[in-house]
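Residue numbers (UniProt numbering), protein chains in the order written: chain A, 1 to 201; chain B, 1 to 201; chain C, 1 to 331; chain D, 1 to 331.
Wrong hints could be hidden among the right ones.
To be verified - Restricting the straight-line Cα-Cα distance to at most 30 Å, the calculated cross-link-like pairs of lysine-lysine (DSBU-like) are: (1) Lys112(B) with Lys44(B); (2) Lys9(C) with Lys20(B); (3) Lys9(C) with Lys44(B); (4) Lys20(A) with Lys180(D).
As the list claims (entries may be wrong) - Ranges of calculated distance between the beta carbons of each label pair, as one might list FRET restraints: (5) Val193(A) with Gly201(C): 55 to 63 Å; (6) Ala39(C) with Ile130(D): 38 to 46 Å; (7) Glu317(C) with Ala50(A): 49 to 57 Å; (8) Gly92(B) with Arg179(C): 21 to 29 Å; (9) Asp47(B) with Gly201(C): 48 to 56 Å; (10) Pro24(D) with Trp194(A): 47 to 55 Å; (11) Arg287(C) with Arg179(D): 44 to 52 Å; (12) Thr143(A) with Arg179(D): 46 to 54 Å; (13) Asp241(C) with Leu52(B): 53 to 61 Å.
No wet-lab data here; the hints were simulated from the structure.
Given the structure is predicted, the values throughout are model-derived calculations rather than measurements.
We put the CB at the ideal spot given by N, CA and C, even for glycine.
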Amino acid sequence: MNGTELVVRTIAETAIANEKYFGDLDSVVGDGDFGYSLARGFEKLLDGWADLDRTNAGSFLKRCGMTIASRIGGTSGPIWGTAFLRAGAAAGEPLDRARVAAMLRAAIDGIKARGQSDVGDKTLLDALVPFTDSLEKSGDLATAARAAREAAEATSAMVAKRGRAAYTGERSRGSVDAGAMAVAVIAERISDVWQPEVTGS
Amino acid sequence: MNGTELVVRTIAETAIANEKYFGDLDSVVGDGDFGYSLARGFEKLLDGWADLDRTNAGSFLKRCGMTIASRIGGTSGPIWGTAFLRAGAAAGEPLDRARVAAMLRAAIDGIKARGQSDVGDKTLLDALVPFTDSLEKSGDLATAARAAREAAEATSAMVAKRGRAAYTGERSRGSVDAGAMAVAVIAERISDVWQPEVTGS
Amino acid sequence: MKKFVNDPKNFVPEMLEGLALAHPDTLRYVPAYNLIMRADAPRTDKVSIVQGSGSGHEPAHVMVVGRGLLDAACPGDVFAAPPMDYVYETTKLLATPKGVLLLVNNYTGDRMAFDMGKEMADADGLRTEILTVNDDVAVTDSLYTVGRRGVAGNFFVIKAVGAAAEQGAELDDLIRIGRKVNDVTRTMGVGLTACTPPAKGSPLFELGADEIEFGVGIHGEPGRERRRLTDADAIVDALLDAVVPDLPYQSGDRVALMINGLGGTPVSELYLLYRHAHQRLAERGIRVGRSYVNEYCTSLDMAGASLTLVRLDDEIETLLAAPADAPVNPF
Amino acid sequence: MKKFVNDPKNFVPEMLEGLALAHPDTLRYVPAYNLIMRADAPRTDKVSIVQGSGSGHEPAHVMVVGRGLLDAACPGDVFAAPPMDYVYETTKLLATPKGVLLLVNNYTGDRMAFDMGKEMADADGLRTEILTVNDDVAVTDSLYTVGRRGVAGNFFVIKAVGAAAEQGAELDDLIRIGRKVNDVTRTMGVGLTACTPPAKGSPLFELGADEIEFGVGIHGEPGRERRRLTDADAIVDALLDAVVPDLPYQSGDRVALMINGLGGTPVSELYLLYRHAHQRLAERGIRVGRSYVNEYCTSLDMAGASLTLVRLDDEIETLLAAPADAPVNPF
Ligand SMILES: Nc1ncnc2c1ncn2[C@@H]1O[C@H](COP(=O)(O)OP(=O)(O)O)[C@@H](O)[C@H]1O
Ligand SMILES: Nc1ncnc2c1ncn2[C@@H]1O[C@H](COP(=O)(O)OP(=O)(O)O)[C@@H](O)[C@H]1O
Ligand SMILES: [Mg+2]
Ligand SMILES: [Mg+2]
Ligand SMILES: [Mg+2]
Ligand SMILES: [Mg+2]
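From just these sequences and the hints, can you work out the full model?
Structure below.
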């Protein structure tokens with residue numbers, strides 16, 4: 001549970017610390033509210049932090065997912081909320097590399113279903129999937145975070161097919177996707193602060 | 001009559017040619033419409049130019065005054081219209097230096113009455129009165145035009161007490177009055193194009 | 001600031017033509033005098049109410065022509081009082097046996113045009129009266145000016161005399177009502193940006209990124225003083241500090257509170273300003289009986305707002321609440 | 001662009017509080033869900049009509065809550081769809097035996113929030129339906145998006161179903177009416193400047209002094225393409241060329257024509273645009289039966305406008321003409 005708590009808290013703090021950066025990324029071909037939406041939502045999560053159900057990692061993540069889904073506006077609330085809910089549903093003991101990968105796959109499937117989106121649509125999936133692939137293969141968070149950043153940067157060459165940026169069609173090429181970059185930055189922070197015993201196994 | 005026509009036409013053409021300059025001057029502490037108002041009004045005067053009553057200088061000027069008063073909006077319509085009407089009423093033969101001076105004095109009195117204003121209020125009177133004084137004394141248009149320009153430039157040190165600029169109080173200091181500068185520019189143009197036989201007498 | 005405009009010289013006539021095309025059943029347009037009048041005017045059973053003033057203040061005044069409001073408006077060009085003959089010809093067209101009430105915002109140009117236009121109409125034997133509106137507290141030193149300007153508070157005078165005229169009030173009673181409303185009405189405005197007249201094509205003055213023009217006029221004239229941009233609540237406090245002591249409005253008073261947008265400020269921000277003004281007035285024991293949050297008297301595309309208070313009594317409140325119809329914001 | 005704002009985080013709640021203070025007799029504010037509802041809602045004798053969407057589009061939608069319009073609006077933050085639980089809680093509060101109609105502008109975020117909120121309400125046994133509005137012709141390639149966006153034409157759907165609901169229509173009939181209006185409604189917008197979200201404090205995109213954003217979205221998203229700034233009539237022609245062939249609107253049609261301001265454009269310019277649109281439609285044999293010139297759905301302080309056409313039939317026209325009350329622009 002301590003690891004899970006640390007990871008969620010790091011996600012929240014990174015989102016809050018990068019409010020302006022994420023918002024600026026979203027304003028290139030989007031509507032600029034991504035940073036604000038994430039920051040306000042995760043602030044609310046931290047507000048009620050002490051009272052969250054800590055029975056186990058699964059129920060904790062599900063509680064977080066509920067809060068996020070119901071408190072974050074815009075596209076990100078349902079997308080991130082669903083990801084946390086699904087990850088929570090896939091959680092269990094031991095929280096080893098395979099389990100973490102399964103939780104991430106569940107989150108990815110949830111996002112795809114909720115967003116009717118897939119890899120290649122220039123969304124956060126384009127960083128989250130490579131991150132998961134790399135983590136599963138290497139078992140090393142730092143390696144996976146590097147994969148996430150490379151993939152996030154590569155979204156710059158893509159044309160958006162989902163989300164608000166999609167309305168600009170070809171003009172969405174040339175700038176990175178805000179959601180994908182947020183995944184990369186968060187992955188880097190997690191890799192900085194978390195040295196899990198589990199990921200080696 | 002030819003001299004009178006030439007003078008009025010020069011006033012009209014100068015106002016039209018300086019629309020932007022006069023408007024910019026009025027926008028420093030006024031509302032920026034002075035150039036536009038004068039230009040549109042004098043355009044209308046030129047539109048009906050051929051049909052103006054040319055019985056004599058007096059009736060011609062009065063006709064011009066009526067057109068200006070009824071066609072120019074803002075403060076300038078009533079002020080300039082009244083000036084032309086009064087000058088026309090004071091016209092007569094011969095149109096010598098004394099007569100011209102008397103016509104200008106009549107115009108000045110009309111402006112004062114219509115505008116409840118006087119020399120020192122930072123209005124066109126502050127150029128028109130020095131111009132008239134100089135013309136009466138020297139009989140030379142170029143000299144009088146120089147006096148008008150000096151006086152117009154000196155309005156920069158004054159605080160506006162009439163017109164829209166007056167609302168800004170002390171802040172009206174530091175910029176010339178648009179109406180006074182218009183009088184100076186017009187005087188210069190008249191002195192350029194008109195070599196009256198009369199002014200020497 | 002960029003604009004939707006064709007030849008700037010046609011800005012006003014094209015706007016008026018659009019207005020007439022959009023409201024063919026209720027309005028009539030007479031191009032020769034920039035005249036917008038009620039389709040059913042003049043009505044012999046009522047006093048006609050006419051307002052002039054420059055353009056660029058829309059919806060004032062051409063878009064408040066309608067039942068229970070103005071019978072006609074004859075604006076000049078942008079920020080320029082109408083020429084005298086617009087006033088004269090409009091007065092002739094609107095003449096009724098009960099007379100014509102000419103509403104004038106207190107500016108040199110407008111007063112001259114209406115004085116001269118009225119003189120000519122009176123010479124024709126028409127019955128006319130002029131009522132001057134001067135609600136702007138920004139003008140402090142009236143020794144040097146023609147006195148306080150008429151700004152957004154003008155709406156309340158129009159609304160009150162418009163309602164009374166609709167009910168058949170006589171010209172002298174309308175003068176009494178109009179004066180009474182004007183006497184208890186005070187306004188103060190603030191500009192965040194300068195406006196751009198179509199014919200000029202560039203902003204009328206320069207305002208730094210952190211500056212506001214406090215006491216700005218509705219013709220883009222600079223105001224009382226330049227101040228630092230503060231948060232919205234502090235701006236409202238400053239506006240109230242200028243307006244409230246002026247009448248003064250006092251504990252126990254019931255008022256109408258107007259937050260008027262100057263043209264470039266969205267209605268969301270106006271309601272945000274309203275909130276604080278309403279709350280602060282309540283703290284002072286002043287109760288808001290009627291609320292007005294919208295654009296009533298603008299300065300082209302200027303971002304900014306003005307705050308108006310009207311002290312209500314039963315007569316004024318009843319007139320303000322009376323039915324009215326206009327292209328925009330009848331209440 | 002400078003704004004009237006306190007802490008940007010409080011922009012929406014402070015606006016809503018102002019709205020509630022200004023209209024205490026007709027509106028009620030529930031801070032927990034950004035909820036603005038009619039003071040007399042829910043009424044058991046009618047279907048409740050609810051709209052969400054992000055804030056920053058005022059008067060849409062919180063200021064069109066009133067008789068014959070919406071029963072409630074629960075906006076999210078600026079440009080962000082409301083969180084799912086706002087939708088859920090609002091639906092519960094507005095529930096009536098005749099049901100709740102949820103109006104959704106077609107954006108990913110809004111659709112997700114309403115789908116999830118409706119699922120939860122349905123699980124509670126409430127009767128709800130979702131009606132999606134998508135009038136924006138700017139979005140051409142709907143393969144890559146959730147399809148066309150809902151923009152200013154939304155007003156006509158609200159007005160029509162609002163009037164029908166007021167007359168007692170059942171939920172399925174409202175769905176039929178709403179779909180019908182949406183099906184004959186098309187909009188295209190153009191931005192002259194970018195808007196500035198309060199939390200961002202700077203313009204959302206850069207637009208050159210001689211550039212316009214053609215087909216701009218109401219969230220400041222860039223549009224179909226960037227074009228050179230031309231005169232107003234040419235812009236209207238381009239908007240009509242996008243809108244008219246899309247349905248298509250044809251000679252003999254009777255339409256409602258809306259020129260909607262995007263927040264920073266004064267109403268004078270809107271009427272100037274209206275003039276040319278009305279005349280050009282007449283040339284094509286399309287007659288304007290109803291006119292709407294004002295702000296209906298804005299993009300904060302963006303200078304710009306959108307043009308909407310609705311093909312009228314007797315049923316739609318009657319519903320659009322029915323009485324309505326709201327803080328701003330009920331018609
Ligand atoms: N349909 C979708 N599926 C998955 N992710 C999406 C989808 N649409 C948008 N996103 C992600 O969400 C980010 C934008 O989030 P946000 O700003 O909250 O949305 P919006 O303002 O468009 O409602 C994008 O950068 C993208 O990564
Ligand atoms: N009361 C007055 N008497 C004489 N001249 C005046 C008066 N008020 C203004 N003026 C002159 O008119 C000029 C402004 O004219 P204009 O722009 O048409 O007026 P406004 O826009 O203020 O109605 C000023 O520069 C000044 O010279
Ligand atoms: Mg966004
Ligand atoms: Mg001027
Ligand atoms: Mg003027
Ligand atoms: Mg958004």
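Now for the hints, and whether the structure bears them out:
Note on Lys112(B) and Lys44(B): the hinted pairing holds, with a Cα-Cα distance of about 25 Å set against a maximum of 30 Å. With a C-alpha separation of about 13 Å, the suggested pair Lys9(C) and Lys20(B) falls inside the 30 Å cut-off, and the hint holds. Between Lys9(C) and Lys44(B) the alpha-carbon distance is near 13 Å, which keeps this suggested pair within the 30 Å criterion. For the hint pairing Lys20(A) with Lys180(D), the CA-to-CA distance comes to about 42 Å; that exceeds 30 Å, so the pair is violated.
Between Val193(A) and Gly201(C) the beta carbon distance is about 56 Å. The supplied range of 55 to 63 Å therefore holds. Roughly 43 Å separates the CB atoms of Ala39(C) and Ile130(D), a value that falls within the hinted 38 to 46 Å. A hinted range of 49 to 57 Å holds for the C-beta pair Glu317(C) and Ala50(A), which are about 53 Å apart. The supplied range of 21 to 29 Å is broken by Gly92(B) and Arg179(C), whose beta-carbon atoms lie about 46 Å from each other.
Evaluation of the 48 to 56 Å hint for Asp47(B) and Gly201(C) yields a failure: the beta carbon distance comes to about 24 Å. The supplied range of 47 to 55 Å is met by Pro24(D) and Trp194(A), whose beta-carbon atoms lie about 52 Å from each other. Taking 44 to 52 Å as the suggested C-beta distance range, the pair Arg287(C) and Arg179(D) conforms, at roughly 46 Å. The hint said 46 to 54 Å for the Cβ distance between Thr143(A) and Arg179(D), and at roughly 52 Å that hint holds.
Roughly 56 Å separates the CB atoms of Asp241(C) and Leu52(B), a value that falls within the hinted 53 to 61 Å.
When held up to the earlier numbered hints, the structure conflicts with 4, 8 and 9 and fits the remainder.
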